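Novice: Protein chains in written order, with our numbering: chain B, 56 to 444; chain R, 89 to 536.
These are computed hints drawn from the structure, not numbers from a lab. Check before you lean on any hint, since a few could be wrong.
Derived BS3-like pairs (lysine-lysine); straight-line CA-CA distance at most 25 angstroms [as the list claims (entries may be wrong)]:
{"#": "1", "chain 1": "R", "residue 1": "K202", "chain 2": "B", "residue 2": "K269"}
{"#": "2", "chain 1": "B", "residue 1": "K226", "chain 2": "R", "residue 2": "K243"}
{"#": "3", "chain 1": "B", "residue 1": "K423", "chain 2": "R", "residue 2": "K123"}
{"#": "4", "chain 1": "B", "residue 1": "K359", "chain 2": "R", "residue 2": "K144"}
{"#": "5", "chain 1": "R", "residue 1": "K140", "chain 2": "B", "residue 2": "K161"}
{"#": "6", "chain 1": "R", "residue 1": "K123", "chain 2": "B", "residue 2": "K164"}
{"#": "7", "chain 1": "B", "residue 1": "K270", "chain 2": "R", "residue 2": "K123"}
{"#": "8", "chain 1": "R", "residue 1": "K140", "chain 2": "B", "residue 2": "K71"}
{"#": "9", "chain 1": "B", "residue 1": "K261", "chain 2": "R", "residue 2": "K241"}
{"#": "10", "chain 1": "B", "residue 1": "K270", "chain 2": "R", "residue 2": "K169"}
{"#": "11", "chain 1": "B", "residue 1": "K71", "chain 2": "B", "residue 2": "K113"}
{"#": "12", "chain 1": "B", "residue 1": "K161", "chain 2": "R", "residue 2": "K241"}
{"#": "13", "chain 1": "B", "residue 1": "K161", "chain 2": "R", "residue 2": "K123"}
{"#": "14", "chain 1": "B", "residue 1": "K423", "chain 2": "R", "residue 2": "K433"}
{"#": "15", "chain 1": "R", "residue 1": "K140", "chain 2": "B", "residue 2": "K411"}
{"#": "16", "chain 1": "B", "residue 1": "K164", "chain 2": "R", "residue 2": "K433"}
{"#": "17", "chain 1": "R", "residue 1": "K433", "chain 2": "B", "residue 2": "K261"}
Keep in mind the model is a prediction, meaning the values are calculated, not measured.
As a plain string of letters, each chain reads:
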Amino acid sequence: MLTQTQVAVLTRVFQKADGDNQGYVPPSVVVDLVTQVFGSAALSAGELEHVERRSASKASKAGLSFVDFTEVVNDLMGSTTRWGTLQTNLDGHVGFDSIQEQVRRKSLKRGFEFNLMVVGESGLGKSTLVNTLFKSTVSRASCTQVEHPIPKTVEVNSVSHVIEEEGVRLKLTITDTPGFGDQINNDRCWLPVLDHVNDQFERYLKEEVSVVRKKRIPDTRVHACLYFIAPTGHSLKQLDIEFMKRLDQCVNIIPVIAKADTLTLEERDAFKARICEDIQFHGMNVYPSSIVPEDDDDAEINSKIESLLPFAVVGSEKEHKRGNKSVLGRQTKWGFIEVENKAHCEFPNLRDMLIKTHMQDLIETTDKVHYENFRHTRLQRQQMGESNI
Amino acid sequence: VHHFLSPTSALFLFSLKMTAVDVQRQLGHDGRQMKLSGHVGFDSLPDQLVNKSVNKGFDFNILCIGETGIGKSTLMDSLFKTSFNSEPVTHSLPGVSVRANTYVDLQESNVGLKLTIVDTVGYGDQIDKTDSVQPLVDYIDSQFESYLQEELKIKRSLTVYHDTRIHACLYFIAPTGHSLKSLDLVCMKRLDSKVNIIPVVAKADTISKPELAKFKQKIMAELKENGVRVYQFPTDDETVAEMNDAMNSFMPFAVVGSREEIEVGGEMVRARVYPWGTVEVENENHCDFVKLREMLIRTNMEDLRETTHLNHFELYRKNRLKEMGFADSTADNRPVRLYDVIEEKKKTHIREMETKEEKMRQMFVDKVKQKEAELKKAEQDLHGKFDNLRKVHAEEKRKLDDRRRMLEEEINDFNRRKASVQAQQAQAERDMHQNTSPVLGRKKDKKK
Numbered sequence: 056m057l058t059q060t061q062v063a064v065l066t067r068v069f070q071k072a073d074g075d076n077q078g079y080v081p082p083s084v085v086v087d088l089v090t091q092v093f094g095s096a097a098l099s100a101g102e103l104e105h106v107e108r109r110s111a112s113k114a115s116k117a118g119l120s121f122v123d124f125t126e127v128v129n130d131l132m133g134s135t136t137r138w139g140t141l142q143t144n145l146d147g148h149v150g151f152d153s154i155q156e157q158v159r160r161k162s163l164k165r166g167f168e169f170n171l172m173v174v175g176e177s178g179l180g181k182s183t184l185v186n187t188l189f190k191s192t193v194s195r196a197s198c199t200q201v202e203h204p205i206p207k208t209v210e211v212n213s214v215s216h217v218i219e220e221e222g223v224r225l226k227l228t229i230t231d232t233p234g235f236g237d238q239i240n241n242d243r244c245w246l247p248v249l250d251h252v253n254d255q256f257e258r259y260l261k262e263e264v265s266v267v268r269k270k271r272i273p274d275t276r277v278h279a280c281l282y283f284i285a286p287t288g289h290s291l292k293q294l295d296i297e298f299m300k301r302l303d304q305c306v307n308i309i310p311v312i313a314k315a316d317t318l319t320l321e322e323r324d325a326f327k328a329r330i331c332e333d334i335q336f337h338g339m340n341v342y343p344s345s346i347v348p349e350d351d352d353d354a355e356i357n358s359k360i361e362s363l364l365p366f367a368v369v370g371s372e373k374e375h376k377r378g379n380k381s382v383l384g385r386q387t388k389w390g391f392i393e394v395e396n397k398a399h400c401e402f403p404n405l406r407d408m409l410i411k412t413h414m415q416d417l418i419e420t421t422d423k424v425h426y427e428n429f430r431h432t433r434l435q436r437q438q439m440g441e442s443n444i
Numbered sequence: 089v090h091h092f093l094s095p096t097s098a099l100f101l102f103s104l105k106m107t108a109v110d111v112q113r114q115l116g117h118d119g120r121q122m123k124l125s126g127h128v129g130f131d132s133l134p135d136q137l138v139n140k141s142v143n144k145g146f147d148f149n150i151l152c153i154g155e156t157g158i159g160k161s162t163l164m165d166s167l168f169k170t171s172f173n174s175e176p177v178t179h180s181l182p183g184v185s186v187r188a189n190t191y192v193d194l195q196e197s198n199v200g201l202k203l204t205i206v207d208t209v210g211y212g213d214q215i216d217k218t219d220s221v222q223p224l225v226d227y228i229d230s231q232f233e234s235y236l237q238e239e240l241k242i243k244r245s246l247t248v249y250h251d252t253r254i255h256a257c258l259y260f261i262a263p264t265g266h267s268l269k270s271l272d273l274v275c276m277k278r279l280d281s282k283v284n285i286i287p288v289v290a291k292a293d294t295i296s297k298p299e300l301a302k303f304k305q306k307i308m309a310e311l312k313e314n315g316v317r318v319y320q321f322p323t324d325d326e327t328v329a330e331m332n333d334a335m336n337s338f339m340p341f342a343v344v345g346s347r348e349e350i351e352v353g354g355e356m357v358r359a360r361v362y363p364w365g366t367v368e369v370e371n372e373n374h375c376d377f378v379k380l381r382e383m384l385i386r387t388n389m390e391d392l393r394e395t396t397h398l399n400h401f402e403l404y405r406k407n408r409l410k411e412m413g414f415a416d417s418t419a420d421n422r423p424v425r426l427y428d429v430i431e432e433k434k435k436t437h438i439r440e441m442e443t444k445e446e447k448m449r450q451m452f453v454d455k456v457k458q459k460e461a462e463l464k465k466a467e468q469d470l471h472g473k474f475d476n477l478r479k480v481h482a483e484e485k486r487k488l489d490d491r492r493r494m495l496e497e498e499i500n501d502f503n504r505r506k507a508s509v510q511a512q513q514a515q516a517e518r519d520m521h522q523n524t525s526p527v528l529g530r531k532k533d534k535k536k
């Protein structure tokens with residue numbers, strides 16, 4: 056039942072435990088040996104108990120012989136759901152765990168790209184929030200000095216910056232949608248946005264499919280879309296629902312409640328609950344509820360985030376002196392709202408999620424889920440002869 | 089201040105500046121370097137990326153090419169500090185074949201490695217070695233091909249796809265001490281654009297140090313002369329550039345492998361025991377094993393994987409697509425989309441099939457017509473014959489009727505005559521009764 060390598064592994068492990076070469080091993084040690092061989096993550100507590108009992112019952116006065124040991128292991132392999140995947144035991148440090156370092160080095164050299172889109176009616180504080188997030192004047196409105204009047208149709212404008220921190224270079228592109236939701240008739244105002252997202256996918260697909268292609272295809276696909284909800288306190292507006300329903304399959308939508316300092320804490324909670332109900336009722340797929348957590352820490356973080364969605368944020372670019380520190384916040388007649396204070400608003404949570412913990416995940420979800428969906432539909436359409444591009 | 093910087097750090101700064109300029113050029117006029125007024129936090133991005141890669145696990149595929157018995161399996165066992173359970177092969181195989189084994193559960197700290205070791209079986213054993221290299225080329229190409237097929241699929245699953253493309257090829261050179269064999273040159277020349285070749289001198293404990301140095305020089309000179317491109321460890325990343333550069337000068341690595349461990353200085357080390365001394369595998373004075381391990385596994389594994397994907401695979405893909413008839417632009421320089429071309433090819437193929445179908449149908453119709461015509465003719469013939477027969481039959485019947493009529497007439501005639509004769513007889517008898525001349529009567533009868 057056991058292959059030669061597996062027997063060799065067991066012999067080695069047994070001999071190491073059997074220090075004075077008697078040919079017997081105390082049954083209490085068997086659990087350790089088995090853990091060494093299979094890896095601690097592979098066996099449940101119940102299985103280990105079973106192993107203990109078996110070895111105790113098989114052991115003679117002198118201890119457990121090698122033959123009995125192999126029998127116990129055989130039993131275990133037969134009863135676990137992972138059939139016979141014995142770890143290839145490495146006796147010594149080979150060194151391929153340094154591949155982590157190698158990957159890190161290469162990524163530092165390559166630099167990162169992140170494309171963020173902000174969507175919402177004008178005056179909701181989109182540019183301020185983006186500037187606060189990245190601690191510099193990265194938004195389009197701040198870059199271009201000219202005052203634009205609210206456009207008659209929805210425009211989609213992008214601006215790129217390279218920011219660097221601790222040797223990590225990030226090319227950040229912020230896409231703005233002035234004119235969204237600002238007209239009297241807002242019918243189909245999401246179309247330019249949808250077109251923009253699909254255009255970026257199209258561009259990437261074209262490059263990927265050409266015979267001679269670049270080594271690193273420039274990634275302009277939208278990785279995350281911050282959708283600003285006006286703080287009415289009631290529920291989602293029709294426009295919000297329409298937008299999110301149409302775009303949730305192409306881009307990671309992160310809804311945020313803008314200008315949250317107009318809501319008291321109870322109003323905020325009630326508003327959030329209603330929004331979550333609406334989202335569930337319409338079956339909309341907002342980030343990050345669609346991702347599958349990969350291990351326990353991820354799952355914990357994700358559940359914490361999910362309980363707070365959507366984030367109620369306040370943005371500010373002005374710093375005020377409080378005591379001897381300079382704090383970002385909004386100064387009003389009745390108080391001072393600290394942007395970075397978790398008790399005041401959820402801006403730190405949004406920033407942590409967007410930048411510190413989930414940025415890479417946003418990029419990967421866009422690449423592996425949304426882009427693949429787009430590619431699949433697009434190529435199928437072409438097959439059926441419908442597209443004419 | 090700049091004047092007092094040492095040359096290496098000046099070089100370092102210069103290279104940094106170069107990269108910043110490169111980045112700006114990519115962005116066009118829109119991209120600008122922004123100053124941050126505080127800590128944003130995206131410096132955790134490399135960590136996020138590393139975590140995700142580690143969770144996914146890594147693939148690494150090594151191809152070992154060398155004669156039978158030159159020490160390929162032993163070296164693999166020594167490199168990965170385990171025993172891979174490979175059976176030794178006889179020398180009497182008729183051709184070269186490729187044997188691949190995948191080991192899915194190598195684990196070190198939290199990194200999981202899926203290692204595939206590909207062995208050449210029977211290499212260099214035949215009398216006629218002309219066909220030795222083709223199976224290797226075919227194997228490498230077929231791995232590229234399956235990856236390409238997966239990439240071109242409409243519904244693809246690249247994240248779960250098991251990447252079997254060869255990342256590193258260790259070419260084992262026999263330690264003759266003279267030069268490369270012609271088979272070595274031929275093989276490496278054919279493979280150098282498909283895989284990263286790392287030549288190693290096997291069983292290096294059979295060559296003395298001065299001989300070894302000369303041997304290495306000769307090998308590198310020969311490779312250069314024949315235009316064979318072996319893998320150069322990358323020198324563009326400052327952190328490892330120096331080390332890689334030094335290692336490049338040690339190529340080809342002279343290695344020794346061993347499956348046995350003996351105790352040296354209180355530790356168990358892998359070594360080969362001879363009556364005149366012991367060769368320790370991990371002793372840098374004895375052989376270059378440690379350097380090979382350092383370069384192959386600890387420093388450049390990721391680079392090997394990247395080069396395979398970005399250079400060798402791209403080249404294969406480009407050539408293959410061109411072979412299949414795709415190009416990025418048609419004769420008049422209009423850009424052509426890959427899937428358009430696929431569509432066109434499909435359409436032409438369908439059209440061809442349709443014409444074939446038409447032809448076959450036409451042929452069938454013709455045959456049927458022909459058969460029908462034949463049958464009709466046969467039918468007509470039969471009708472003709474039937475008519476004929478009928479006519480003949482009618483003729484015969486008429487003839488017979490005529491004959492019957494004639495016969496009836498004769499019968500009537502005969503009956504009439506018979507009747508008249510009887511009447512005459514009766515008359516004669518009556519006459520006889522009247523006169524006594526029976527002679528007349530009889531004479532009359534006789535006359536009649």
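Novice: Look at each hint and say if it fits the structure.
Specialist: Hint check results:
With a CA separation close to 28 angstroms, the supplied pair K202 of chain R and K269 of chain B exceeds the 25 angstroms bound. A threshold of 25 angstroms between alpha carbons decides the hint, and for K226 of chain B with K243 of chain R the separation of about 30 angstroms lies outside it, so the pair is violated. About 32 angstroms separates the Cα atoms of K423 of chain B and K123 of chain R, which puts this hinted pair outside 25 angstroms; it is violated. For a cut-off of 25 angstroms, the pair hint linking K359 of chain B to K144 of chain R stands: about 24 angstroms separates their Cα positions.
For a cut-off of 25 angstroms, the pair hint linking K140 of chain R to K161 of chain B stands: about 15 angstroms separates their Cα positions. A threshold of 25 angstroms between alpha carbons decides the hint, and for K123 of chain R with K164 of chain B the separation of about 20 angstroms falls inside it, so the pair holds. Only pairs whose Cα atoms come within 25 angstroms are accepted, and K270 of chain B paired with K123 of chain R is rejected, the gap being roughly 29 angstroms. A hinted pair counts as satisfied when its Cα atoms are at most 25 angstroms apart, and K140 of chain R with K71 of chain B does not qualify at roughly 35 angstroms.
Taking the CA atoms of K261 of chain B and K241 of chain R, the gap is about 15 angstroms. The hint holds against a cut of 25 angstroms. Taking the CA atoms of K270 of chain B and K169 of chain R, the gap is about 35 angstroms. The hint is violated against a cut of 25 angstroms. Our distance criterion of 25 angstroms between C-alpha atoms is met by K71 of chain B and K113 of chain B, whose separation comes to about 20 angstroms. Restraint check for K161 of chain B and K241 of chain R: the C-alpha separation of about 29 angstroms exceeds 25 angstroms, so the hint is violated.
Taking the CA atoms of K161 of chain B and K123 of chain R, the gap is near 24 angstroms; set against the 25 angstroms cutoff, the hint holds. With a C-alpha separation of about 29 angstroms, the suggested pair K423 of chain B and K433 of chain R falls outside the 25 angstroms cut-off, and the hint is violated. Annotation: proposed proximity of K140 of chain R to K411 of chain B holds, straight-line Cα distance about 14 angstroms (limit 25 angstroms). For the given pair, K164 of chain B sits about 42 angstroms from K433 of chain R by alpha-carbon distance, which is inconsistent with the 25 angstroms threshold.
Using a Cα cut-off of 25 angstroms, the hinted pair K433 of chain R and K261 of chain B holds, with the two alpha carbons roughly 19 angstroms apart.
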